[in-house]
Amino acid sequence: MNTIDLTLKIWRQKDNDSLGNFETYTLRDITTDMSFLEMLDVLNENLTKEGKEPVAFDHDCREGICGMCGAVVDGVAHGPDKEVTLCQLHMRTFNTGDTLVIEPFRSRAFPIRKDLVVDRSAFDRVIQAGGYVSINTGGTIDGNAIPISSETAELSMDAAACIGCGACVASCPNGAAMLFTSAKISQLALLPQGQPERKKRAQAMVQQMDAEGFGHCTNEKECEMVCPKGISIRNIARLNREYMKGILMGE
Amino acid sequence: MELNAKIPSGPLSEKWDTHRFQSKLVNPANRRKYKVIVVGTGLAGASASATLGELGYKVETFCISDSPRRAHSIAAQGGINAAKNYQNDGDSVERLFYDTIKGGDFRAREANVYRLAQVSGNIIDQCVAQGVPFAREYGGNLANRSFGGAQVSRTFYARGQTGQQLLLGAYSALSRQIKNGNVTMRPRKEMMELVVIDGRARGIITRDIITGEIQSHCADAVLLCTGGYGNAYFLSTNAMASNVTAAWRACKKGAGFANPSFVQIHPTCIPVHGTFQSKLTLMSESLRNDGRVWVPKDKDDQRPPSQIPEEDRDYYLENKYPSFGNLVPRDVASRNAKEQCDQGKGVGSTKLAVYLDFADAIKRDGEETIFRKYGNLFQMYEKIVDTDPMKDPMMIYPAVHYTMGGLWVDYNLMTTIPGLFALGECNFSDHGANRLGASALMQGLADGYFVISTSVGSYFGSETMAPADTTHEEFKTSEQNVADRISRLMRNSGDGPSGKVTVDEIHKELGRLLWDNCGMARNKEGLEHALSRLPDLKKEFWDNVYIPGTGSDLNQSLERAGRVADFLEFAEFMIRDALDRKESCGCHLREESQTEENEALRDDENYSYVSVWEYTGADNEPNLHKEPLVFENVTPSQRSYK
Ligand SMILES: Cc1cc2nc3c(=O)[nH]c(=O)nc-3n(C[C@H](O)[C@H](O)[C@H](O)COP(=O)(O)OP(=O)(O)OC[C@H]3O[C@@H](n4cnc5c(N)ncnc54)[C@H](O)[C@@H]3O)c2cc1C
Ligand code: FES
Chain A
1 MNTIDLTLKI WRQKDNDSLG NFETYTLRDI TTDMSFLEML DVLNENLTKE GKEPVAFDHD
61 CREGICGMCG AVVDGVAHGP DKEVTLCQLH MRTFNTGDTL VIEPFRSRAF PIRKDLVVDR
121 SAFDRVIQAG GYVSINTGGT IDGNAIPISS ETAELSMDAA ACIGCGACVA SCPNGAAMLF
181 TSAKISQLAL LPQGQPERKK RAQAMVQQMD AEGFGHCTNE KECEMVCPKG ISIRNIARLN
241 REYMKGILMG E
Chain B
1 MELNAKIPSG PLSEKWDTHR FQSKLVNPAN RRKYKVIVVG TGLAGASASA TLGELGYKVE
61 TFCISDSPRR AHSIAAQGGI NAAKNYQNDG DSVERLFYDT IKGGDFRARE ANVYRLAQVS
121 GNIIDQCVAQ GVPFAREYGG NLANRSFGGA QVSRTFYARG QTGQQLLLGA YSALSRQIKN
181 GNVTMRPRKE MMELVVIDGR ARGIITRDII TGEIQSHCAD AVLLCTGGYG NAYFLSTNAM
241 ASNVTAAWRA CKKGAGFANP SFVQIHPTCI PVHGTFQSKL TLMSESLRND GRVWVPKDKD
301 DQRPPSQIPE EDRDYYLENK YPSFGNLVPR DVASRNAKEQ CDQGKGVGST KLAVYLDFAD
361 AIKRDGEETI FRKYGNLFQM YEKIVDTDPM KDPMMIYPAV HYTMGGLWVD YNLMTTIPGL
421 FALGECNFSD HGANRLGASA LMQGLADGYF VISTSVGSYF GSETMAPADT THEEFKTSEQ
481 NVADRISRLM RNSGDGPSGK VTVDEIHKEL GRLLWDNCGM ARNKEGLEHA LSRLPDLKKE
541 FWDNVYIPGT GSDLNQSLER AGRVADFLEF AEFMIRDALD RKESCGCHLR EESQTEENEA
601 LRDDENYSYV SVWEYTGADN EPNLHKEPLV FENVTPSQRS YK
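From first to last, the protein sequence lines are chains A and B.
Numbering-wise (my numbering), the first sequence opens with residue 1 and increments by one.
Numbering-wise (my numbering), the second sequence opens with residue 1 and increments by one.
Isolated chain B (complex conformation):
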């Protein structure tokens, strides 16, 4: 597996311009001859489909839900970053670049991150022009809020529904291209396999979720915009259908998978409260603008929060990190919450929670202002927990939220399979070992609106491809493989459920294994234990899973089973990656590598690389390849938010 990041030469600030100038173009009249498959309609997929459709390519777009508007991106709450410096508080492209690189604990590629910062402003302009109703100041200008890991206010938002509004903007642009006939939309189709012909990505195999029909689709390039794999842990803040299937299938066909162990655990989520729970709910990071995090100083303090006086409270983030306070990056906030709870100072019935308190903010700004800012989040919290954050502090605990790891891509967002691109959360590109808040929306839209058109044009312009269609043998074998796999999944179901396990039972077990051993803190022993448990769990699944119904109609148990089967295989990559990286960095805390103050201790000498894992067959260990990270413009330093 060859890793050529194809980073353009020249000074950092000129790379993107130089690259665009040097990239090949496709004449407008010829674009209709090229077909592009886009899998996924989140921010990345919807924006890419719309933009490529506008340029005149023939686009065919797929998603799991009944409408492209329902992709997981819709749930993003807090906001989107851009280096507009509208607040005149010293922001710039350089600063957004630096904050993102530092926030990622110096494990991302400089050139990609710089480009992201450069196009960030265009994203806001684009969305405003689409009619996205961003929050405004009284004078009519766009409003901003602050997010973790930054000392400037650069986050644009639409109440607590920023993802919804940005996605509906991209969906509207996509809808216009569907109407114009440039994009064919295929909802409720799940990609089951990637088809590679002569070493190039040439299509996909899908299963129709309603009819069970297995179909081939051929194209000249394939874009995976299929989101993250946080649901490997069973409980996460991701939407229920979020999965690793598309990326994992691509990996098995030769795409390298980068940094699979880099999983962001978000500090402010509603704590787990029962075994029946199906997902965890995020409370946006924006709450840390005004909420103060604390625990009782005394671990045996049984008093309700309102009766614990100031002197008996430990505002541990403010005390430990005076310059960033409650707005430290996510990994730091999560780790500190865990540390407090490990010391027995956690609150609530499970003792696995800390307080997030708005009393001071309400005193300072008034109930109305605070409610206006966070009302919908407070209501969401109250629905679930049955207490009102305007009166009592919220209880929060970290939860799996986002995956920085993903398919390895070069500067063009192309994977190690020519013609296969990965966009949005599905790739690994910009966030290193920790993503800053409000940067995923930025990245998804940067990839889809502003980067991919150059890459796709350049790919088509510089390569000649043999014609192919779905009668090609590769499509036939891939279709057969998908059908065989479904029969194999259904195999145990003939003689009834007795003595069998359900899909969810196995998924929960996998989730616990990963959470306990490959979660917020990791060590050699735990990781090796998890690795040794995987084969049994896989065997238990394939030998014993019971799936009711048939493969030839709407069967939600079968859908979930297919995804869990892939999580079970992929988990090995996550664990091996965590084992290999003996340093701590960002989200990845190896207990063996900490500073005296329990902060992540990086080892730049030995681990300043992207880990790229190559699948080598079901019975073989994967191969590790390394893309060295070269820092020419920033000097990696021990991150400090004190």
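Only chain A is shown next, with the shape it has when bound in the complex:
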């Protein structure tokens, strides 16, 4: 079994009102089969045994689907590996002697709660503004009543795969949430079920995005680079079209 030794510089911050700073830790004999979060577990178990407070970090599924985990590692959201979340990043990506700098997802719209834990409820409010089809339970037509081509379903699924982790926001120089918002807008705009509210939806979600303090998109494409689910920035182009249509058609 391969093992490596590491130096970690981790952002520690008590809460949103306190100042934070980097603390340095060393870890020995980390097996390269470990996931990044398991490596942090080892650190936390060590800190606990030394009577120190462990590093707070969010996580739940540990298989890259809940969107709960996330940190910036050496300047890259979710770390150096392509299309993975932090929980899926494995220590075999690193070499012995490496120093890793670990920080929370920073953005005006994501207040820091503690250490690496941030508050992403702004995303929920963007969805609440219109990221749904307004139907109640019951009274729906048969699932096969409206055929949807498999290409359309796949394209919609590509966008729907977003896990709402916030890496896009954390990596954007403007702190924009365009990739996140456009993924939901695309998913619904592509499907027949999303048509009736199409124009209103783009308007409402963009407005909420602005109200939350997310920045504007200036085509930096950093979001696409770090997205663990490979969400394409073509969705942003679709969002812009949907938004313009909404304005032109007077809604």
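Bear in mind the hints are in silico, worked out from the structure with no lab data behind them.
Now the stretches of chain A that chain B is said to cover, found in silico as 3 or more residues with beta-carbon under 8 Å: (1) 23-35; (2) 52-66; (3) 82-91; (4) 109-123.
Where is the CB? At the ideal position from N, CA and C, for every residue including glycine.
Following the hints, put chain B with the ligands in place on chain A, whose structure we already have.
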């Protein structure tokens, strides 16, 4: 404790209609006067919150994660069953009903399961209407795949992310109700206690995960949608925060707990590979559609899989169960994997794994087709194990996955505490002693979208309740109890960590104890040993656990400690239940009760009942109550998948 299942009279196929007609309703204008607390935002909780909000009830919804969208349901991979018969392969409500009852080894209630099959089709329609991008055929119709325990193709899916897409559908409906003001969402609040006033559930006490604040919340009914307790075993496929706390607290306040020993061990998970491991990763059952399970015939075979020729391989599932082959139910597949490894034929460095091989499927359908079907699972596997299943067979081993046991509920999903309902994995209702694949998503959504609204309406419509609010003495005492418990957990931490144990150390020990003695195979001796070890483990925890930090801010060690404390108490129920049930059924294999071919041997004469355990105090043994299972429409038979 009185167990009245309240099964409606009349023929099976008419029970649900009759029941809805006979249930009391609440006038739309009056619904706003009723407040409902929903704990949990998985499929069950999110769908229930949205549906009750749409109907006009005042809903307050709680969850542990920072957003309702992150509940454990998000991780479900393979799919959701429904009796649509879109494939024209002979499916029907009757067949889904029968497969589920048989799959559960005749330990579930007929009426509940039939209703589940009846509403299954509506779930698909509902989700399609919400914009869930299910997989489609080229012609535009919904696609299906097959799952274990069925000979029809009735599983709907969205790549390997079905749970995610269904949950995001329910979350979007929930978000709409939050926006409309019908649902108040309270994320990052953990339920610590149930409040019962005059014998009815009237509220909960929560701890704010960020600030540590302890708060009371009052309502007219409480819905627990808090998921399963597989994490009692430390290692499982469940999300890290999955726990038994909410259900256990309810149990301690008088809710009966049904079949706590019924735990599903899923056959296709990535094997354990180190002591640092924090959780196990499921590889969806859908893989068994195309993957072939095998081990080398010779237990000393050291060759890599690619160099073991056909004649030296044992495709043991295909050989032993020719009609279901690789698609036998989960309990059967898991037990057979264990049997092969026990015989020394396991593969990999730990010898605790079997192969799941896609080579034939790739030869038959081409790389592209197979990758399209399973690509995301293959990538997940490769990330963890560092080998590519397109080239080498996967290695898999069983892992704790799902809990069929849960709070006992009647036909209305009401527990033995009036006004307290349990939905989704949190209840025991539909899966008997073994759940079929793709049926948990179906059940969670059936409960939340289609069943609970009738139950809640009927409860409010037929009972008059005295007004209550959070100034009531019960809330004050419960708040105090929660605060005391937290201080007690933190008590050892004042004088530093030396000589102490961490939360995880105790949790791992409990997990090993349960896995070894109350896991895939159980016997009297092992269970009694585990039972005798529990008091020491509990004492060690309370006397010696070290929790850094304080109780008044974000403290993840404290959160885990609270959950482990409850697992330690609850484990006694699991073990006692396994001891009491001397038959084998479904997931529950008592080594003393097997057929000659090592299949589970049921004893219908003596054990055709639901075990319902009543908490009677910390120092007392729990009481066992029995709900007899009556089969009027199916005849329990020895399950055969040969
Ligand atoms: C990896 C994996 C794959 C699966 N794949 C499938 C599949 O393909 N098909 C299928 O049918 N089933 C599948 N299952 C099973 C299925 O996902 C679950 O049984 C189901 O999602 C449970 O839903 P639920 O709503 O009951 O609970 P959960 O989704 O577990 O939600 C529980 C909720 O309760 C909250 N909660 C818990 N305790 C508290 C507390 N004390 N206070 C406040 N909130 C609390 C949590 O925050 C969460 O919101 C899979 C399971 C796993 C682990
Ligand atoms: S913990 Fe769920 S995505 Fe990482």
